[in-house]
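Enquirer: One line per chain: the protein sequences are A and B, in this order. Residues 12 to 284, numbered by this note's numbering, are exactly what the first sequence covers, in order. Residues 3 to 677, numbered by this note's numbering, are exactly what the second sequence covers, in order.
Hint data in this document are derived by calculation from the structure and do not stem from the laboratory. There could be a bad hint or two in this list.
As the list claims (entries may be wrong) - With a Cα cut of at most 30 Å, we get these calculated DSBU-like pairs of lysine-lysine:
#	chain 1	residue 1	chain 2	residue 2
1	A	K72	B	K481
2	B	K6	A	K105
3	B	K395	A	K105
4	A	K105	B	K319
5	B	K395	A	K72
6	A	K245	A	K230
7	A	K153	A	K230
8	B	K24	B	K319
9	B	K13	A	K153
10	B	K566	A	K72
11	B	K75	B	K118
12	B	K23	A	K204
13	B	K395	A	K153
14	A	K153	B	K23
15	B	K566	B	K481
16	A	K14	B	K23
17	B	K24	A	K105
18	A	K105	B	K566
19	A	K204	A	K72
20	B	K13	A	K72
21	B	K23	A	K105
22	B	K6	A	K72
Unchecked claim - Facing chain A, a subset of chain B residues (Cβ under 10 Å, in silico):
#	residue
23	T10
24	K14
25	M30
26	P173
27	T227
28	I228
29	V233
Idealized CB from N, CA, C, for every residue including glycine.
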Amino acid sequence: MIKADHLIKTFVRNEKKNRKMEINAVDDISLTVEEGEIVGILGPNGAGKTTLLRMMSRLMKPTSGQVSIRMGETEMTDEIEVKRHIGYLSNNTKLYGRLSSRELLQMLGTIYGIPEQTVEERIRQISEVLSMDAFLDNRIEKLSTGQTQRASIARCLVHDPQVYIFDEPTLGLDIISSASIIDFMKRERDRGKTVLYSTHYMEEAEYLCDRIVMIHRGKIISEGTPAELRERTKKDSLRDVFSGLILEESGSILPDAADGSYEQPGGIKGGRA
Amino acid sequence: MNTKIIRTLVKKEMLDVFRDKKTVIMMMVVPVILYPLIFIGAMQVVAFISSSMETQNYRIAVDAGDDDAFLHKLLEQGEADEEENAYEITIVDAASVADYEAALNEETIDVYVAGKMQDGRMQYDVYYLNSVTNSDYAAGIVMEAFDELREEMTRQRIEAAGLNVHEILEPIGYEKENMSSSEQSLGSIMGSVLPFMLIISLLMGTMYPAIDTTAGERERGTLETILTLPVTNRQLIVSKFITVAVIGMISALLNILSMGGIAFYIYAILEMQSDVGSFDMAMFVPAILVCMLAIFAFSLFISAVTMCVTSFAKSYKEANNYITPLMLVVMFVGYIGFIPNLELTRAMAMMPVANICLLIKNMLVFKVDYGLIAVVLISNVAYAVVAILFLSKIYDSEAILFSEQKGSLQLFEKRSNLRKGGVPTVSDVWFVVAVTILLVLYAGSLLQVKYGLAGVFGTQLILLLVPLALVIYTKKDMKLTYGFTGTGAAGFVGSAFLAVGVYLINIMLAGGLMKLFPQSAENVETTFSGIMGDNVPAAFLVIALAPAVCEEMLFRGLILHSLKARYRVVSAIAITAALFGAYHMSLVKFIPTGLLGAVLCYVVWKTGSIYPAMLMHFLNNACSVIVTYFPEQAGRVVPMLMRDTLTFSDGMLLLGAGLILLGIGALVLRKCRKT
């Protein structure tokens, strides 16, 4: 299981006239995802989903709070130890285009400290499950979008992590590709793995998640199984639950633009170079 | 540290870089294909020129009245040379040349020789065009004929006078003999060129992989991927560093092999054609081995330095901006190989870049000092290790990855896209400072040589106007950029104390530094007094007032404020002060001006206004002007000024007084509230 304990992330933004402003992108969030459970993070753009997931996968240091992973009796908080047991996937985790999938997986295997034989065996298995045989030795830059996505999943799989953290994995994919990712998450959950993921697609979350955490402006505004959430808010669908809660929180269904702009700096905003 | 992880990462980086066409082209094509091509092209051009010279027919018009001695000589020489040099001389009838200048310009004749009797001897004038190859060459032939004619006539006359020709023409005998071995001569020629070529090829070789593995990795989006792995910052940086250093080494070796191959080829050809003296190539083996070691050490150093620069860039473009000033500095220092008589001393052996240049230069003339070789190699490796460890400590992947895009070059943006206000970005400032310094170096020194004091004023105007153009173009806030804000009287009083304090300490420092670098100190003094002239008010205006305004606006205004917006105050002050010291372009002046720069920055930071710094700078420079024009009066106030050498107690007295004044100044400034 993975546990986030009072996570806070503060960004300092330079406002006009040299005045600095502090914003809590994630504002005191505690969260536990058990083994054999899929938890979905829902929230409007700029709610802090990406920042939360980046902190939980230890890509970002929290301003305060702690992330830990427990496997059986052992609990880990060390950055490198935690990373060893996480498979993290987001739209910003690109692959080395000049390497082939096989080379990439072999390299990752060595870095994770897996014996060479085992790595080869795992590559064979993964390639079979994700049907990657046809393009395993092609350079990644030559692959199609769907093939690249499968190679990305293979990247997270190679060390057989206990915890999967996926940031909007189905964003912009066609039905078949996203279905394969959803299948994959279900399969891993059934193997007793811990899955935490964020999405914009309500139907997908409703179908897939054991538990849903809704966040807005860096805080958890509601949490529970899809059924519980529907019941609590007396709404028919998760979509209505979601818009209802956001509306209640901010008085408007549109996310506040000032808050929203700090989200995804590595992606959309940073890409403006 | 887990070497297996580093090995794997290095392997990955290598694969990544070598599978990139751009790198391979940069690395391979230039040395392996381009150099030989350029060489073959140059050979072709030379061959073409010399073949066209051989069949050349020179038309020479001689107008010497009745005296035909020269004409005979010329024809005689032409005939003799025809067998050796295969050129022809055609004598053009001088009477047919109406206007020799026009004829020369129309190239109907190559040389016009006019001779007339003057004071009892023939006086010849040779007209030719130095700008036309044929004319220039023909003039040479004519001059040769004159030399021979003169010698012949001298002999005849001495003989006619009944004297011994040999005794009179050659009263003494002498001969010059080159005692340095042919290997040493070759080495000294290579020693001035090779270090520079090497340093540049290593810099070029490391630059691209350094950008590719750092900024490139971020731009391609793979940095976030690699950060999901259980890998520490240090492992990441070290593996990238090894990759960059190895690639730099390979490209440097390729460059050297290619250049060496061409040099060997030229040598072989020359040897076949004539005897240039034979070389014992075996003698160069130790030199080459040490050079290899030097390349190895320097590639570590330069890789570490380029990585320190590129690691903080968020894109290729930004990394390129950061590299440019570094390149300028390295190239500038690399020229040190061309300076004659610069010795590799123990202190020099610690100076990065310069030490490698001098080491290679020394090795090629077979000056071997194993102690110094060790110092050079070890210092390079040590700098590299320290830089990389430091980099892995401060390298904040999070800031690089997720922080907002800031500090890119706005200068080339469309002006309508630029937002108004704020201070210029650091990249813009680097770019403009590089341009300004280059302008000052070339145009400024030209102006100073030509117009003296007025030229110095012109230089100051360049310092003011070029950066100002940037500020206006990028629509920045003048008040913020330059610190044009008022401050209380305390600011001015405090900075006046600081000015005098720094001045006293600098007298002490200058005295000490002059002892360490006597030659450099002399240079400074002569150039300074050479420029000043006699006009005291003008000197005040140009030496004291203009820099107080222009230099302050550039250094303590633009540079300090843009750095301060990006880095911590201490770093901003340190960088500005170092730049200010370097801008004075003298080893002796670096420390004193750097110190002055730092105190000026402090004043601006404390008061929030540039005006006290301007006052302080004015006072400082005014002191120098007063000392130059009124040495006796100044000597009465501060006797140490007029002594040729400072005693230890003088130094301590100056230091003590200076520190007290600095203390008072700092105390007064503390009272000063920013408005």
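Enquirer: A separate judgement is required for each hint: does it hold in the structure or not?
Expert: Hint check:
1. Only pairs whose Cα atoms come within 30 Å are accepted, and A/K72 paired with B/K481 is rejected, the gap being roughly 37 Å.
2. With a C-alpha separation of about 24 Å, the suggested pairing of B/K6 with A/K105 holds against the 30 Å cut-off.
3. The suggested pairing of B/K395 with A/K105 holds, with an alpha-carbon distance near 25 Å, which does not exceed 30 Å.
4. Taken as a hint, the A/K105 and B/K319 pair is honoured in the structure, with Cα atoms around 20 Å apart against an allowance of 30 Å.
5. Annotation: proposed proximity of B/K395 to A/K72 holds, straight-line Cα distance about 15 Å (limit 30 Å).
6. With a CA separation close to 22 Å, the supplied pair A/K245 and A/K230 stays within the 30 Å bound.
7. Restraint check for A/K153 and A/K230: not satisfied, since their Cα atoms lie roughly 41 Å apart, outside the 30 Å limit.
8. A hinted pair counts as satisfied when its Cα atoms are at most 30 Å apart, and B/K24 with B/K319 qualifies at roughly 16 Å.
9. In summary, the hint linking B/K13 to A/K153 is supported, as the alpha carbons are separated by about 21 Å, within the 30 Å threshold.
10. Between B/K566 and A/K72, the direct Cα distance comes to roughly 25 Å. Compliance with the 30 Å bound is thereby established for this hinted pair.
11. The hinted pair formed by B/K75 and B/K118 meets the criterion: a straight-line CA distance of about 17 Å does not exceed 30 Å.
12. As the CA atoms of B/K23 and A/K204 are separated by approximately 42 Å, the hinted pair breaks the 30 Å bound.
13. Between B/K395 and A/K153 the CA atoms are separated by roughly 37 Å; this puts the pair beyond 30 Å, and the hint is violated.
14. Between A/K153 and B/K23 the CA atoms are separated by roughly 15 Å; this keeps the pair inside 30 Å, and the hint holds.
15. At roughly 15 Å between alpha-carbon atoms, B/K566 and B/K481 fall within 30 Å of each other, so this suggested pair holds.
16. A hinted pair counts as satisfied when its Cα atoms are at most 30 Å apart, and A/K14 with B/K23 does not qualify at roughly 45 Å.
17. A hinted pair counts as satisfied when its Cα atoms are at most 30 Å apart, and B/K24 with A/K105 qualifies at roughly 21 Å.
18. Restraint check: the Cα-Cα separation between A/K105 and B/K566 comes to about 34 Å, which exceeds 30 Å; the hinted pair is violated.
19. Simply put, A/K204 and A/K72 have alpha-carbon atoms about 24 Å apart, close enough for the 30 Å limit, and the pair holds.
20. Between the alpha carbons of B/K13 and A/K72 the distance comes to roughly 29 Å, so the proposed pair stays at or under 30 Å and holds.
21. A hinted pair counts as satisfied when its Cα atoms are at most 30 Å apart, and B/K23 with A/K105 qualifies at roughly 20 Å.
22. With a C-alpha separation of about 26 Å, the suggested pair B/K6 and A/K72 falls inside the 30 Å cut-off, and the hint holds.
23. The interface hint given for B/T10 is met, as the beta carbon of that residue sits about 4 Å from the closest beta carbon of chain A, less than 10 Å.
24. Given hint, B/K14 at the interface with chain A, holds; its Cβ is 5 Å from that chain's nearest Cβ, closer than 10 Å.
25. Because the smallest distance between the Cβ of B/M30 and any Cβ of chain A comes to about 17 Å, over 10 Å, the interface hint for this residue is violated.
26. The interface hint given for B/P173 is broken, as the beta carbon of that residue sits about 78 Å from the closest beta carbon of chain A, more than 10 Å.
27. Interface hint at B/T227: satisfied, since its Cβ lies 4 Å from the closest Cβ of chain A, which is below the 10 Å cut-off.
28. Hint on B/I228 holds. Least Cβ distance to chain A is approximately 9 Å, under the 10 Å limit.
29. Nearest Cβ of chain A to the Cβ of B/V233: about 6 Å, under the 10 Å cut. The hint holds.
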